[in-house]
Amino acid sequence: MADEIPNPPPAGGPAAGGAPTPPPAPAATPATGGATAAVAKPAAATAAKPAAKKDDSRIAPPQKTYVPRPGLMDQIKDSQIWRSIFRHGYPNTVRNRSLAVLSNVFLHLHPVNVRTSGLRLSFTWCMGGLTFFLFLVEIITGVLLMFYYRPTGEYAYQDIIALGEHVPMGVMREIHRWAAHAMVITVWLHMFRVFMTGSYKPPREFNWNIGVILLVLTLLLSFTGYLLPWDQLAIWAITVGSNMARATPIAGYEGPLAALITIDDVKLVHSGDDARFALLGGRFVGEATLLRFYVLHCIFIPLVATILMAVHFWRIRKDGGISGPL
Amino acid sequence: MKDFFNALADPSRFFLIFTVAVLAMLRWREFFTAPKVALTIFAGAVIFFVWALKDPGFKANISKPDNIPIIFMLFLVGYFSWLSLYRAVKNDRRIDRGELPEEAVESPKKVLVWPDLVYSEFICMLIGTAILVIWAILLKAPLEEPANPNKTPNPSKAPWYFLGLQEMLVYFDPWLAGVILPGLIVNGLMAIPYVDTNPKGNGYYTFKERPFAITSFFFGFVVLWVSMIILMTFLRGPNQAFFGPFEQWNLHKVEPTVNIQFSQIFWQQWLGTSRPINWLMREMPGILLVLGYLAVTPIVLAKTVCKKMVTQMGNPRFLTMMIMFLIMVAMPIKMVLRWTCNLQFIVNIQELALNI
Chain A
1 MADEIPNPPP AGGPAAGGAP TPPPAPAATP ATGGATAAVA KPAAATAAKP
51 AAKKDDSRIA PPQKTYVPRP GLMDQIKDSQ IWRSIFRHGY PNTVRNRSLA
101 VLSNVFLHLH PVNVRTSGLR LSFTWCMGGL TFFLFLVEII TGVLLMFYYR
151 PTGEYAYQDI IALGEHVPMG VMREIHRWAA HAMVITVWLH MFRVFMTGSY
201 KPPREFNWNI GVILLVLTLL LSFTGYLLPW DQLAIWAITV GSNMARATPI
251 AGYEGPLAAL ITIDDVKLVH SGDDARFALL GGRFVGEATL LRFYVLHCIF
301 IPLVATILMA VHFWRIRKDG GISGPL
Chain B
1 MKDFFNALAD PSRFFLIFTV AVLAMLRWRE FFTAPKVALT IFAGAVIFFV
51 WALKDPGFKA NISKPDNIPI IFMLFLVGYF SWLSLYRAVK NDRRIDRGEL
101 PEEAVESPKK VLVWPDLVYS EFICMLIGTA ILVIWAILLK APLEEPANPN
151 KTPNPSKAPW YFLGLQEMLV YFDPWLAGVI LPGLIVNGLM AIPYVDTNPK
201 GNGYYTFKER PFAITSFFFG FVVLWVSMII LMTFLRGPNQ AFFGPFEQWN
251 LHKVEPTVNI QFSQIFWQQW LGTSRPINWL MREMPGILLV LGYLAVTPIV
301 LAKTVCKKMV TQMGNPRFLT MMIMFLIMVA MPIKMVLRWT CNLQFIVNIQ
351 ELALNI
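Protein chains in written order, with this note's numbering: chain A, 1 to 326; chain B, 1 to 356.
Looking at chain A on its own, in the form it has when it is part of the complex (with noise of 0.2 Å):
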């Protein structure tokens, strides 16, 4: 790979690789004489971009006088299996960078290049990517989780207790709850660093509004998670929060005008069918409203929040990035 040498590279190194094809002006100016080629200035990255079409870097220019030996790496980087998974050249110029960037699914959420100004930790506060990477550590340390755990009323307590002192490496529930209340924090300060910034006015109105589901997806998802334990914390808690769905208005029995609904005096909303009743899958805190928190939390949610979170960056991207001055 001839941007691999560590010489200096020759002229019709990878910046001049495209150039054959006149690309708009500014690229003919690194492709001088024998000189290093001056790649690493911001004007090449938009000239390089025509370059990604057709990739010369890794054909050794036909005019080089001196190779030195390969070494193991370079023959390593050199063979096939390497290069069918890295498409790009060490990233050390522009072109490479960007396409570090672009040819990985994961880096690719990023754009090519960013403002300064949305680099630093002052102005972002990092909350959103600590928000995502919180995601991440509660999807692993929660898989390892669901090896052990059995969501039902026999098992579930012995099962956690289990956790911490029958499993290696037993502080993986601890982390699973500390990156959740984390995660909640971490969400609420990014909204607030969004609000502050303005990020959310045109044309982001949209992903605010993403923003603000995933927010509700993100406590839905502490809260569902709140009763697996099934310890005396883990029911009552869910008891009190899920006692404010029966008072909600006609569809709750507790709830106004619910009262109203009626036939011949019999009452249509009550405690068998109303909305607490379809929340829990019973009229109190059961097992079979472990099952169904269990499930709501490790598949459902999960599933709707990945996709969202999608959309949701795809759209920074689409609408012009991490937010600056207009």
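Take the hints with a grain of salt, since some may be wrong.
[To be verified] Which stretches of chain B does chain A cover? Using the computed rule of at least three CB atoms under 8 Å from a CB of chain A, they are:
id : region
1  : 46-54
2  : 130-140
[Said to hold, decoys possible] When the alpha-carbon atoms are kept at most 27 Å apart in a straight line, the in silico DSS-like pairs for lysine-lysine are as follows:
id : chain 1 : residue 1 : chain 2 : residue 2
3  : A       : Lys-318   : B       : Lys-59
4  : B       : Lys-110   : B       : Lys-54
5  : B       : Lys-109   : A       : Lys-318
6  : A       : Lys-318   : B       : Lys-110
Quick caveat, the hints were computed from the structure, so don't treat them as lab data.
Small disclaimer: the values here were computed from a predicted structure and weren't measured.
Just so it is clear, CB atoms sit at the ideal spot from N, CA and C, and this is done for glycine as well.
Using the hints, position chain B against chain A.
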């Protein structure tokens, strides 16, 4: 000294102090965001915590594993309030001088995501992992006795992030505090970008260019949401009775309930007659009061103080914003009414379980 703090933390005073502190911080932000002043306040908070931790009751309450994140949050919200206002003040000064905000100077320059952004993300991830692992090793996740539906703990509380809503239950009926108001909070948040038509302050910190938006947000987030969580978590014990930070949680403390309804005040105290038997008649004054608050106030404001705002925003936007704002302000109004005249409900229709 401890008695003094206990007295300060009484719900009405606690709320008043918090509100005044936040508004003062916004009003005299130039003074409060000066690093020396901010550091002094921070040091004061830390000293208070260290001193207060000597009290066994306070320590027991604070160091419940699930309460630790709230302490983190408290300091983080304080820090980030400072940071955002500090940058806003800096930018406002620049704008006053006719310069561009800091972000506007920097933003035309672009940097490559690889390596700059990817590296700082990576470092944030490493630090985050380290904090989580240390936190997890030092602090066991709480596990109480096995679930027992026949034994209700006292106090029983919702998860900590919902405690602001649980605190509202003291002042509102469950159908409002638990269903309608949370729904309105979510809807209100979603409405923000469509209601706020001020094009300024997009993508940079500023206060002067959008004082109303930022003040309302601080009031909603810091005063109503965060401070209520603190109040409910640390200052309410058995039977949801209030306890000062250095007060023992006594199971037998029962606050006297001498609450009265608005219909009683209207018919019995003001008119000197007995209340009508028909519930619609009985509650009519309260219903009119609530409707008047939500329907007439926006119209009156639109015709008088906010004329310019209405022409800028248009009627639907103004109406949405005013109703959201009035509902947000209804919370403190209801609290003050409870503290000053023991008013429980403005509308109290037990026949339909409809209390406001």
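Unmet hints by their number, sorted upward, for this structure: 1, 3, 4
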